[in-house]
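Chemist: Listed below are the residues making up each chain.
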Amino acid sequence: MVMENQKFILTKKLSTLIYGMIGIGVLSLAVSFLIGTGAERIAANLLLNTYYFLALGLIGLFLVTVHTIAESGWHTSIQRIGESMGSFIPVAGILMLLLFVFGGLHLLYEWTHEDHLDEILLKKVAYLNAPFFYIRFAVYFGVWVILAHFIRKYSLLLDKSGDLKYYRKFRIFSAVFVVTLAVTSVTSSWDWLMSIDAHWFSTLYGWYVFSSMLASGTAVLIILLIALKRMGYMGHVNNEHIHDLGKYLFGFSVFWAYLWFSQYMLIWYANIPEETVYFYERHKNFSTIFYVNLILNFVIPFFALMTRNSKRGSLILLPVSVIVFIGHWLDLYQLIMPGAVGGEASGIGIPEVGITIGFVGLFLFFVFRSLAKAPLIPKNHPFYKESLEYHTQY
Amino acid sequence: MYTSPLREPLIRGNKNYKQVTDDVLSPMAGKPSKYWYAGITLAGIALLFGGWATFRTVFYGIGEWGLNKTIGWGWGITNFVWWVGIGHAGTFISAILLLFRQKWRTSINRSAEAMTLIAVMCAGFFPLIHMGRLLLGFYIFPYPNTRSLWVNFNSPLLWDVFAISTYFAVSLIFWYVGLIPDLGTVRDRAKTKIRKAIYGFLSFGWTGSARHWSRHETVSLILAGLAAPLVLSVHTIVSFDFATSVIPGWHTTIFPPYFVSGAIFSGFAMVLTLMIVTRKALNLEDYITLNHIESMNKVIILTGSIVGIAYLTEFFMAWYSGVEFETYAFFNRAFGPYAWAYWIMMTCNVITPQLFWFRKIRRSVLLTFIISIFVNIGMWFERFVIVVTSLHRDFLPSSWTMYKPTVVEVGLYVGTLGLFFTLFLLFIRVFPVIAVAEVKGVLKSSGEQKKITDHE
Numbered sequence: 001m002v003m004e005n006q007k008f009i010l011t012k013k014l015s016t017l018i019y020g021m022i023g024i025g026v027l028s029l030a031v032s033f034l035i036g037t038g039a040e041r042i043a044a045n046l047l048l049n050t051y052y053f054l055a056l057g058l059i060g061l062f063l064v065t066v067h068t069i070a071e072s073g074w075h076t077s078i079q080r081i082g083e084s085m086g087s088f089i090p091v092a093g094i095l096m097l098l099l100f101v102f103g104g105l106h107l108l109y110e111w112t113h114e115d116h117l118d119e120i121l122l123k124k125v126a127y128l129n130a131p132f133f134y135i136r137f138a139v140y141f142g143v144w145v146i147l148a149h150f151i152r153k154y155s156l157l158l159d160k161s162g163d164l165k166y167y168r169k170f171r172i173f174s175a176v177f178v179v180t181l182a183v184t185s186v187t188s189s190w191d192w193l194m195s196i197d198a199h200w201f202s203t204l205y206g207w208y209v210f211s212s213m214l215a216s217g218t219a220v221l222i223i224l225l226i227a228l229k230r231m232g233y234m235g236h237v238n239n240e241h242i243h244d245l246g247k248y249l250f251g252f253s254v255f256w257a258y259l260w261f262s263q264y265m266l267i268w269y270a271n272i273p274e275e276t277v278y279f280y281e282r283h284k285n286f287s288t289i290f291y292v293n294l295i296l297n298f299v300i301p302f303f304a305l306m307t308r309n310s311k312r313g314s315l316i317l318l319p320v321s322v323i324v325f326i327g328h329w330l331d332l333y334q335l336i337m338p339g340a341v342g343g344e345a346s347g348i349g350i351p352e353v354g355i356t357i358g359f360v361g362l363f364l365f366f367v368f369r370s371l372a373k374a375p376l377i378p379k380n381h382p383f384y385k386e387s388l389e390y391h392t393q394y
Numbered sequence: 395m396y397t398s399p400l401r402e403p404l405i406r407g408n409k410n411y412k413q414v415t416d417d418v419l420s421p422m423a424g425k426p427s428k429y430w431y432a433g434i435t436l437a438g439i440a441l442l443f444g445g446w447a448t449f450r451t452v453f454y455g456i457g458e459w460g461l462n463k464t465i466g467w468g469w470g471i472t473n474f475v476w477w478v479g480i481g482h483a484g485t486f487i488s489a490i491l492l493l494f495r496q497k498w499r500t501s502i503n504r505s506a507e508a509m510t511l512i513a514v515m516c517a518g519f520f521p522l523i524h525m526g527r528l529l530l531g532f533y534i535f536p537y538p539n540t541r542s543l544w545v546n547f548n549s550p551l552l553w554d555v556f557a558i559s560t561y562f563a564v565s566l567i568f569w570y571v572g573l574i575p576d577l578g579t580v581r582d583r584a585k586t587k588i589r590k591a592i593y594g595f596l597s598f599g600w601t602g603s604a605r606h607w608s609r610h611e612t613v614s615l616i617l618a619g620l621a622a623p624l625v626l627s628v629h630t631i632v633s634f635d636f637a638t639s640v641i642p643g644w645h646t647t648i649f650p651p652y653f654v655s656g657a658i659f660s661g662f663a664m665v666l667t668l669m670i671v672t673r674k675a676l677n678l679e680d681y682i683t684l685n686h687i688e689s690m691n692k693v694i695i696l697t698g699s700i701v702g703i704a705y706l707t708e709f710f711m712a713w714y715s716g717v718e719f720e721t722y723a724f725f726n727r728a729f730g731p732y733a734w735a736y737w738i739m740m741t742c743n744v745i746t747p748q749l750f751w752f753r754k755i756r757r758s759v760l761l762t763f764i765i766s767i768f769v770n771i772g773m774w775f776e777r778f779v780i781v782v783t784s785l786h787r788d789f790l791p792s793s794w795t796m797y798k799p800t801v802v803e804v805g806l807y808v809g810t811l812g813l814f815f816t817l818f819l820l821f822i823r824v825f826p827v828i829a830v831a832e833v834k835g836v837l838k839s840s841g842e843q844k845k846i847t848d849h850e
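Protein chains in written order, with our numbering: chain A, 1 to 394; chain B, 395 to 850.
Extracted from the complex, chain B is given alone in its bound form (with noise of 0.2 Å):
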């Protein structure tokens, strides 16, 4: 197939199929360097502070936390949202972009989709965090019982179990089959017998012959078709857990795709900050190039920009509602009490992604990893904003109070963002990092050296 000039190599120093498969399998055969371990032990001492939190919060219970009377949901609901939508990247990228034929994707999907799984994880932990009893966090599914209590289906929280349920279930199956192929690979290099034989049966028997091909790329692409819609309806019914409420700055229709647009915002930030890290550490420039840092870059543009017209459109209509509770709830958070919370998303999600506008920022590998940076903290404070300041000033004035977390709170989301890269530095050991397979299958097409051939 003819490719225009004008097109980058996807992958750099013109590789052949063997030079691949060394290049992102061997960080896993040797020793891990002395950064991981560095890494891992700030990421378990992050954990072990969530374990004390945890204990804290189970023990004594909810009151451990700042929430009150008015301000009921506070950090709790704020990181499940966040990570939820950093879980977002990955299946956008895995699924959206293969339905786009996108093919940069294939050098990152695969610890895009990782990160995405570790990040459901940790959103999901909140909800059954807030539940104060851990154990009984089954209550949740709705089957016969000799309690004779069933769930309240009319419930947007009740909806958010299912999806985000699916969602997980389906990354992960999607996430495996692609893995497949791979750990075959992982098996035949093996050195080791426990080594061939634990991934000779995480590998299901792989041989690579043409039916298994076959087969594996028809799961492939029904399970795309499958996430695609997935990748809309969690955020989607995310949002409705404050949209389908009366409450001010909560029920708004544009609720849903703008909260989607935000998840696939901070999905990206996220992959971005951990990819420009990995392919340092691990060497994999070559793979996770600077065309592919400014493909995911214009993303960010995109959807950054979406969000910011949701923002406005939001702040405006408060306004041309005239309806005065409306109109207040939005002045309040640009200049009431939380109005700093408001500016600090203000600048992060709307302003610091607008440089990237300029070429030379896209293509910079320190200033996206800091505007990658600053688009977390953005979209975090989002949350806070949207939650907290919508609580904040009640219907009632008597009531109107104010809230901080406390350092049980703080516990728990350090604690998960030690879960997060503790898992993953883990998963950067034990899986190949790119989808070796997948990079084979661009490669005659993209790679360097057939850009070379053809326009010599």
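The shape of chain A in the complex, shown without the other chains (with noise of 0.2 Å):
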């Protein structure tokens, strides 16, 4: 059943639910600290849960333009589930500022050491500097801030009158806001992840990580819509919507997996020292972690989702998301650990899990907060009714 102006209201239970995380979050951080973990690993865990939380924000927010900008019609009527996962960003941004003033930054980065710098990091300096380092740091999150918080308010007002001049507006922000994801985020990603393992080097990585961030935050999204779904709300959602988000899953497994393959190959294959030292350090000390990646986050989804049936309701969807939520957890865990931590001082245990429990309930909080503050459905949208009556043959 569809109604139109139903709005989100988030339940005591669920608020509780979210509060205990975030509590959970906190006394495992404080937890760590007590027991004696090193500052290096919490500074590690924090960079990694920002990192991640952010990006499944950037990809709500990048499925919702994407889908603007590509006259997609199907989507429209879950497009605010993308828009409130971007409501994350500006939280992240702020934790990362934090972690990066309050001494991350010379605990996870090498290059930050200025007066034990080697020969080729020296050559980096005009780069990998906090100066601009910081600089970059404002531009992304300035820049993404803005066009989200503009990209949110054309769709609002778009939904509110349903007049087509707000329509172009909130498209021409969605295109804008595509061609500057599609060159921040390779570039943040390169000063927030790839310079922590500071001598190596792979022009593939920043799309290894995009890759990666989309699988999961479609995970995300098929989850978020579930979920919803079983709240009774989003009842005009059918199949239909759950078979394309399930397509979206299995083929940017498959993409991830196609792009680690593209980038590990290669470096195994021309055997250069300074390249292959990376994925020595992660067979060497790290070896589990760097199997199970790809057991989660390729062979699950291709297997479970390969057939049509299996994309088409939640029995098996909900689990794979759960899984492929997961395990590019753990995808961005093997990126970090071994260049931040190194083998003998990582592992996985109160501060992983606790830490990154506490930002779920976060990353929740904020998604349900956006989402009460508009109706579910935009109802205006000029597209809107073609995923109202959504069929497809196949």
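Hints are computed from structural coordinates only; laboratory data are not their basis.
Any given hint could be a false lead.
What the hints assert, rightly or not - Partial chain A-side listing against chain B, Cβ under 10 Å, derived:
1. I69
2. S72
3. L121
4. Y127
5. A130
6. I135
7. A138
8. G142
9. V179
10. W190
11. T203
12. L204
13. Y264
14. A270
15. I272
16. T392
As the list claims (entries may be wrong) - Derived SDA-like pairs (lysine to any residue); straight-line CA-CA distance at most 25 Å:
17. B:K497 <-> A:D244
18. B:K674 <-> B:D417
19. A:K385 <-> B:S839
20. B:K497 <-> A:T392
21. B:K428 <-> B:A584
As the structure is a prediction and not an experimental result, all values here were calculated from the model.
No residue lacks a Cβ here, since even glycine has one placed at the ideal position from N, Cα and C.
Mind docking these for me? Both chains are given alone in their own frames, and the hints should help you get the complex.
Modeler: Rendered as structure tokens:
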């Protein structure tokens, strides 16, 4: 049933759960300090989670904007979820800034140790230096937050009035966001992730990270959509919408695997020490995660989502989405930890699990808060009706 | 199914089913126009030039080319990659856009697929001719033989053999399966006995029964699913030819997706070049509308921008890596003796497509045609830059040299252009250039009639 003016209401039970999760996060952070976890490990965990949930926000907004400029009607009726994911971007920015300012930068990045730079790092000083790093940081978040603000603004104005003037503005800002993200997602992944292993480089790195985030962002969108449906919202969403999102999850997982293979194979084949050192470390000290990463993010979604039926309901799609969500967290883990913490000091324990739960809570808090602010269905969107009467042959 | 009033009709002019058949099939029935004769004559001359160059290469050997010890790959591989790239649009349009349910693909998929097949044939010619002895081309297939000689399975060049032959086979089947219902229509309209017999044979006894349609659609969808990864795999493996090496400028991890994007970019440019002429010559403006051209231009701007980001990423990483060879290779590209080629590439591939941000330009047939030619040129130079400028500065400065193509190499390239246009001109004479059955499939939901009745 379609309830066009339906708004999301955060129930007491749900908000207790969310506060509980945030509580666990804060508690785990405190416990981590008390049990003497290394400062590097804590900083790396905070970076991992701020980046991961920031990327989910960016991908949420990316999916909305891409569908807007591609004029894909079917997506219209679920676009609020993506918009709400985008509301986490400024929060992640503040947390990340706090992390960097209060010692994180020095702990995580070797290139900040200005007195001990070797010959290679000295060559990179023009790019890898703290002031320029913060300038880029400000530019990324400045642009993202401003664009996210306008996209949301025109989306809501369009919904209120149905005036096509706002639709055009919505589209223009969407296009600008997509182009901006295409550049900034790459450069920001160099800044925050690749420069942890400051000597190493790979031209594919930015796209690899982006594909990873694209897969997990889609998984989170699916999880949120199915959750909303189970809470009694989004009644108009039928199997076709779910099927399309399932196809995305399948496709993006394969795409991620393709980029993983491309990067790994080319470095393995050429066998240049400066490059292989990166995977050598991961083979030696993170070998379990190295393989689990591939199983969770490629093998499972590939085989589980191969058939048509598995993508058309929540029975298989929901667990696979959760697996992919965890899988790409792990992927990010193996991008960050070997360089930032090293094989001996790192592990998966209270700091990793607890802090992540805290971030899940924080993320959900902002997503639900944003969802509650506007009607769940953009009923005046010019493509809305296409999304409502949505049936396909395949 | 509801369609938003914001969507433009895909077929103009209130057509009914019969008109669609008439419009598309009538150019096949009559005598070719004088432009067609002029075109095929020109293409034939180019083909003859290529024939002469082939003769020289086979008779006198590869010494006829301008290659030397340092630059072992020149125009040959450049043309090969260029043609394979062009051959990407067809399968992208028919497979990936089918999966994305883009209805506008129905008007262009048939000719784009034909173009793909022809382009892949042109591409395949270059590795064969580079072997020097065409007759020994079968050596590249791995099979137990009395020569006790096996192919090198570690070599990406061999993977290319598999990738491209698979791609060609699947594209051919896909294209042909799509043709069957249309060939049935051509058969039913044939006036002469011979025509009827030939098209009857080619259409595999198509009757148009519900059972035939059901099987046809199932096969099409399965083939689309199979072809979709092939769109990526072919150019990925072509990029491996370079990227698995340790040559600065070649060995870089971004190559696979960046080559794929570049391939789709150049493929769409060639589709635009061809379709803009075809729609005019065969009066198909109602089927290949400005809306179609605009959609293709959007693909151009997307893939062109991806390629642009890849160029800049490579350039930045060459510096960031701190590897002096990498840094030099890219500095040399932009400011060395082949800088002119680099800047042609940058201008044509990165700057010109950005003009399509303006709706007026996206919807201008003339400007689109001009820009599509620019992209075709730019993408050729991209491969030239990658191949020649990376090779011409060896690790040993004593080996540094320059490369200039001979007239024989030019002849081979012009010859494949001749082959391409000859086969394409023949194609538009013997097959329906637009997938009649598929256009009819979207006529009800996206024709102009529907638009008028819906929103009066």
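Chemist: Output the indices of the hints that this structure fails to meet, ascending.
Modeler: Checked against the structure, the hints that fail are numbers 5, 6, 7 and 8, while the rest are satisfied.
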